[in-house]
Amino acid sequence: MKTYTSTICPVCGYDGFDHIPEEFDICPSCHFEFAVNDESWSHEQLRQSWINRGAEWASTNPYHPRPANWSAIRQLRNIGHRVTPSERLAIGENEVTGSVYVRIGHLFDHHNQVVASTTKAEVNVFNQTLPSVLTSKNKPVLIAYA
Amino acid sequence: MPVATTFTSNYYLSVHFGKHGEKVGAVSETDYEDKARNFLNTPLQDDPDIEDPCRTNGCVVRYNKRTNEFAIMTPTGKILTYYTPTRACDVDLSVYPVDQTHNFPTNYDYFVHESQKQ
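Top to bottom, those sequences are chains A and B. For what it's worth, the numbering used here labels the leading residue of the first sequence as 4, then goes sequentially. For what it's worth, the numbering used here labels the leading residue of the second sequence as 761, then goes sequentially.
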């Protein structure tokens with residue numbers, strides 16, 4: 004029978020177990036059943052199946068609600084898996100790396116009057132290449148990583 | 761032969777119901793546990809299609825080749841799991857979860873493998 008040495012799910016990277024999983028433990032994130040599913044499949048095959056189906060939080064039971072701000076892409080890094088662009092499409096998640104702080108300056112109305120001002124915001128970056136400077140109304144907007 | 765009682769904990773009942781409940785037609789955790797208990801406690805003489813060898817650690821692995829029900833309980837009667845195994849070749853793995861399948865030639869082969877685990 005397979006045994007494990009880590010509290011991290013080898014399929015999806017979930018790291019919320021409070022014990023080292025053993026036979027019949029089920030990962031709430033991907034539904035991998037320890038020492039059962041990996042009798043037939045490799046961890047890579049199980050991971051790919053989960054990702055191809057969208058890498059959604061699997062558990063519906065009250066013991067394991069989907070954590071706030073949970074990200075499959077971020078979680079997969081726990082096992083060193085970096086998603087490919089096609090996997091990112093399958094997952095449908097635009098989260099990239101950590102927090103990005105953007106100074107977006109002022110919002111103007113039609114009369115060019117300032118109606119709002121923001122000095123810090125958390126944003127999602129939708130592509131791999133993050134520009135160092137974005138513009139808004141022809142004004143430079145500074146971006147700096149936290 | 762131990763008498764099946766309950767899952768090892770409400771937590772394990774909940775997670776196994778979440779993964780296997782729908783496939784065995786259970787509508788609630790209670791229903792799922794009842795079905796598992798009834799299956800494990802069915803007298804062998806009442807159903808010739810049931811087999812239940814013991815693992816070397818004393819766990820009982822039970823399978824019904826007619827209904828395809830599969831369950832395991834500890835030597836003290838605690839239920840560990842209950843489901844209906846599915847061959848990977850019988851489903852479309854592009855949409856069906858691989859973790860709900862096995863790749864043994866038959867479900868009976870899968871049962872034999874599970875019963876012989878050390």
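By construction, these hints were calculated from the structure, which means they are not laboratory data. Just so it is clear, the structure is predicted and the values come from calculations on it, not from any experiment. Note that the Cβ used here is the ideal one computed from N, Cα and C, for glycine as well. It is possible that some hints are incorrect.
Claimed, not checked - Subject to a maximum C-alpha distance of 25 Å in a straight line, what follows is the list of computed BS3-like cross-link-like pairs (lysine-lysine):
(1) A:Lys5 to B:Lys795
(2) B:Lys795 to B:Lys838
(3) B:Lys838 to B:Lys825
(4) B:Lys877 to A:Lys5
To be verified - Far from chain B, by Cβ distances over 12 Å, these chain A residues were calculated:
(5) His34
(6) Gln48
(7) Pro65
(8) Pro70
(9) Ala71
(10) Arg77
(11) Asn115
(12) Gln116
To see whether the hints hold, each was checked on the structure:
1. A:Lys5 to B:Lys795: At roughly 28 Å apart (the allowed maximum being 25 Å), B:Lys795 and A:Lys5 break the hint.
2. B:Lys795 to B:Lys838: This hinted pair holds, its Cα atoms lying about 14 Å apart.
3. B:Lys838 to B:Lys825: Holds, at roughly 22 Å.
4. B:Lys877 to A:Lys5: holds, 10 Å
5. His34: violated, 5 Å
6. Gln48: violated, 6 Å
7. Pro65: violated, 7 Å
8. Pro70: holds, 16 Å
9. Ala71: With a cut-off of 12 Å, A:Ala71 remains clear of chain B, as the shortest Cβ separation is near 20 Å.
10. Arg77: holds, 21 Å
11. Asn115: holds, 54 Å
12. Gln116: holds, 54 Å
Checked against the numbered hints given earlier, the structure breaks hints 1, 5, 6, 7 and satisfies all the rest.
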